[in-house]
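Could you build all of it, start to finish, from the sequences and the hints given here?
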Amino acid sequence: MSTPTAGARPDEVRRHNRTALLRRLHVDGPSTRAELATELGLNRSTIKALVDGLAESGIVLERVPRARSGAGRPSLLVLPQPQAAVVLAVDIRVEQVAIALVGLGGEMLGRNRWNLHRRSGEPDEVITHIIESTRVLADELDLKIYGVGVSVPGVVRRSDGFVHEAPNLRWRDVPLGDRLRATLGVPVRVANDAEVGALAEHLRGAARGSLDAVYVSADIGIGGGVISDGSALRGTGGYVGELGHMIINPTGRDCHCGSRGCWETEVGELALCRALALSEGTPRGVVIAELRGLRADEVGPRLGEFREWLTLGLVNIVNAFSPELVVLGDLFTALPPSLIAAVGAEVGKRSLVSRAIGGTRVQASTLGTDGKLVGAAELAFEPVLDTV
Numbered sequence: 001m002s003t004p005t006a007g008a009r010p011d012e013v014r015r016h017n018r019t020a021l022l023r024r025l026h027v028d029g030p031s032t033r034a035e036l037a038t039e040l041g042l043n044r045s046t047i048k049a050l051v052d053g054l055a056e057s058g059i060v061l062e063r064v065p066r067a068r069s070g071a072g073r074p075s076l077l078v079l080p081q082p083q084a085a086v087v088l089a090v091d092i093r094v095e096q097v098a099i100a101l102v103g104l105g106g107e108m109l110g111r112n113r114w115n116l117h118r119r120s121g122e123p124d125e126v127i128t129h130i131i132e133s134t135r136v137l138a139d140e141l142d143l144k145i146y147g148v149g150v151s152v153p154g155v156v157r158r159s160d161g162f163v164h165e166a167p168n169l170r171w172r173d174v175p176l177g178d179r180l181r182a183t184l185g186v187p188v189r190v191a192n193d194a195e196v197g198a199l200a201e202h203l204r205g206a207a208r209g210s211l212d213a214v215y216v217s218a219d220i221g222i223g224g225g226v227i228s229d230g231s232a233l234r235g236t237g238g239y240v241g242e243l244g245h246m247i248i249n250p251t252g253r254d255c256h257c258g259s260r261g262c263w264e265t266e267v268g269e270l271a272l273c274r275a276l277a278l279s280e281g282t283p284r285g286v287v288i289a290e291l292r293g294l295r296a297d298e299v300g301p302r303l304g305e306f307r308e309w310l311t312l313g314l315v316n317i318v319n320a321f322s323p324e325l326v327v328l329g330d331l332f333t334a335l336p337p338s339l340i341a342a343v344g345a346e347v348g349k350r351s352l353v354s355r356a357i358g359g360t361r362v363q364a365s366t367l368g369t370d371g372k373l374v375g376a377a378e379l380a381f382e383p384v385l386d387t388v
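For the sequence shown, position 65 (counting from the first letter as 1) is numbered 65 according to the numbering used here, and the numbering increases by one without interruption.
Treat the hints as calculated values from the structure; they're not laboratory data.
Please note that the accuracy of each hint is not assured.
As the list claims (entries may be wrong) - Now the in silico label distances, taken between C-beta atoms and shown as ranges: (1) His256 x Pro10: 39 to 47 Å; (2) Glu382 x His164: 20 to 28 Å; (3) Gly252 x Thr387: 20 to 28 Å; (4) Ala34 x Glu305: 55 to 63 Å.
Remember, predicted model here, so these are calculated numbers, not experimental data.
Just so you know, even glycine gets a beta-carbon here, dropped at the ideal spot from N, CA and C.
The following block contains the structure:
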């Protein structure tokens, strides 16, 4: 958490403290005034003034804790009010789009999703559908939207949400952020889907509390997001996360990105279909059912080569970023637990960095199919918490 400088004006200090308190409640949930004072390093009179102001504005509510201990007057529990600040979370995938209205504290207040078919996957069609569905959902729930966060499987310029290229969507040079901002009239943040997934895992999932973690997700392609020293690694211009296009097999298959032997050609959805003897284009649900239905004695023979490619890519990632944790998301969460455990053990043996730091854990995401929506909401809340 950043702290105001010694020369900061009193109003800047109050704003900083207010944002810090709101973020604490938003991410970690209800807390007593005493706990807030201790965790934020503020005196009780400052906490009282901040909470009183937020309560007067309807942003938080105070009540006596249900469970009380000890004598004397209990410290009041401070609860964020979900409808006081609502954001739109958008998860654009190759085969479907999901939206959700998410309230302060992370509660999903309403949601919708639809499949993409042929022309419905064109940028204009997707953007129009997002806007129309958002208006319907917000009107139905009588909610005001304060910001928007969008997850996209592609190369995104963070400054304005410009999608340079999303190969699996067949999008190129789409001003997604500007289009949504102009129509919805609120701040819009757009990011690569794996970066969004990493943010979700860091704040609300398996990587919560980890200062250094890598999130790797499998869909049609492979994406990666990196948390370094507690913050997202974003790269120049915000272009980061294309771990799936790490060249791992120079004599491998052609990739849609124009290169050959990219990691996603060996461990993406099509690679899993090949390993399971399923035809290209097999519905995602069937692939997941096949993975979850594998007997213990089938895992090695059917997924042995896949496991080797997954291990090799993760060894490279661990050597490059030195994370304490690697979280596997999306389609990877359907992999047999025995395979994930075996991959984790091999990464520990074969990665120089992992051995040096005492081991890197490899585990599946705990957020399920909502991970990208959760991350998109947190992306949207970043500026909102400063202004609500």
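Going through the hints against the structure:
| no. | hint | result |
| --- | --- | --- |
| 1 | His256 x Pro10: 39 to 47 Å | violated (55 Å) |
| 2 | Glu382 x His164: 20 to 28 Å | holds (22 Å) |
| 3 | Gly252 x Thr387: 20 to 28 Å | violated (48 Å) |
| 4 | Ala34 x Glu305: 55 to 63 Å | holds (56 Å) |
Violation of the numbered hints given earlier is confined to hints 1 and 3; the remaining hints are satisfied by the structure.
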